[in-house]
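**Student:** Everything in the sequence shown is counted per my numbering, starting at 4 for the first residue and increasing by one.
Hints were generated in silico from the structure; no laboratory data involved.
Just so you know, even glycine gets a beta-carbon here, dropped at the ideal spot from N, CA and C.
Be careful, since some hints might not be right.
[Unchecked claim] Simulated pairs of lysine-lysine, DSS-like, Cα-Cα distance not exceeding 25 Å:
#, residue 1, residue 2
1, K44, K32
2, K39, K124
3, K41, K6
4, K32, K163
5, K44, K31
6, K163, K43
7, K31, K163
8, K124, K44
9, K32, K43
10, K41, K124
11, K31, K43
12, K41, K31
[Stated by the list, open to error] Quick list of simulated restraints, FRET-style, between CB atoms:
#, residue 1, residue 2, range
13, P170, S61, 21 to 27 Å
14, H131, G161, 31 to 37 Å
15, S62, P170, 33 to 39 Å
16, S152, R179, 17 to 23 Å
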Amino acid sequence: MPKIDLAQVDIRPFDDSLTVINRFDCGKKPINQFLKNKAKKAGRRMEHRVFCAHRGSSSECIGYYALQLGSDSVSDFPGGDKTYLKNYTAFPAVHMAFVGVHEHYRRQGLGTYLLMDVFSKVAAISDHAGFYALTLQSLDEESTAFYESLNFTIYSEGSKQPKMLYPLEDILTLVRASS
């Protein structure tokens, strides 16, 4: 597979009639299964908004992510009793439920490119709704290391699939600096 030119990558909302997903394989079964078996229904029920990366005008999905709104327990948040969060039982968040990059395009910057698109969408959401952070639950040690390298913070210890977050304030700083 040739090296990907990120300038040619187009991220579009998932449309099962326009997006080819049957060849998508990121090497992680739960991530593949969500896209192939659940994304259509989750989108129709408005539980997730799924966005797919394509090479230019190609219909083939080479990466994707799914976002949803939610909240998480403040008791899971280290130091939550020492911040404004101490007044709450849960903190509001945008949750990145799934993200995957096709195996042929790994280690070429596509995952970071997708994440920057997530950050842009999170910043846009913050214009209309208040929340504390972007959250995710890491799938394994490899993905945890990737997210930590991008400054995500673990906020639930003692799990092979830790919950992680990136504060909205930091996302807004990053998005504004890249504009």
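**Student:** Run every hint past the structure and note whether it holds.
**Tutor:** Verification of the hints:
With a C-alpha separation of about 18 Å, the suggested pair K44 and K32 falls inside the 25 Å cut-off, and the hint holds. Taken as a hint, the K39 and K124 pair is honoured in the structure, with Cα atoms around 23 Å apart against an allowance of 25 Å. At roughly 30 Å between alpha-carbon atoms, K41 and K6 are farther apart than 25 Å, so this suggested pair is violated. Taking the CA atoms of K32 and K163, the gap is about 16 Å. The hint holds against a cut of 25 Å.
Taking the CA atoms of K44 and K31, the gap is near 20 Å; set against the 25 Å cutoff, the hint holds. This hinted pair does not check out: K163 and K43 have alpha carbons roughly 29 Å apart, beyond 25 Å. Distance hint between K31 and K163 is fulfilled; the C-alpha atoms sit about 15 Å from each other, no more than 25 Å. Only pairs whose Cα atoms come within 25 Å are accepted, and K124 paired with K44 is accepted, the gap being roughly 22 Å.
Distance check on the hinted pair: K32 and K43 sit about 17 Å apart at the alpha-carbon level, within 25 Å; holds. Taken as a hint, the K41 and K124 pair is honoured in the structure, with Cα atoms around 22 Å apart against an allowance of 25 Å. For the proposed pair K31 and K43, the alpha carbon gap of about 19 Å is at most 25 Å, so the pair holds. A distance of roughly 15 Å separates the Cα atoms of K41 and K31; the hinted pair therefore holds under the 25 Å criterion.
Distance hint check: the CB atoms of P170 and S61 are about 35 Å apart, inconsistent with the given range 21 to 27 Å. The hint said 31 to 37 Å for the Cβ distance between H131 and G161, and at roughly 35 Å that hint holds. Distance hint check for S62 and P170: the Cβ-Cβ separation is about 36 Å, which falls inside the suggested range of 33 to 39 Å. Between S152 and R179 the CB atoms are about 22 Å apart, so this pair conforms to the stated range of 17 to 23 Å.
When the structure is compared with the earlier hints, violations turn up for hints 3, 6, 13 and for no others.
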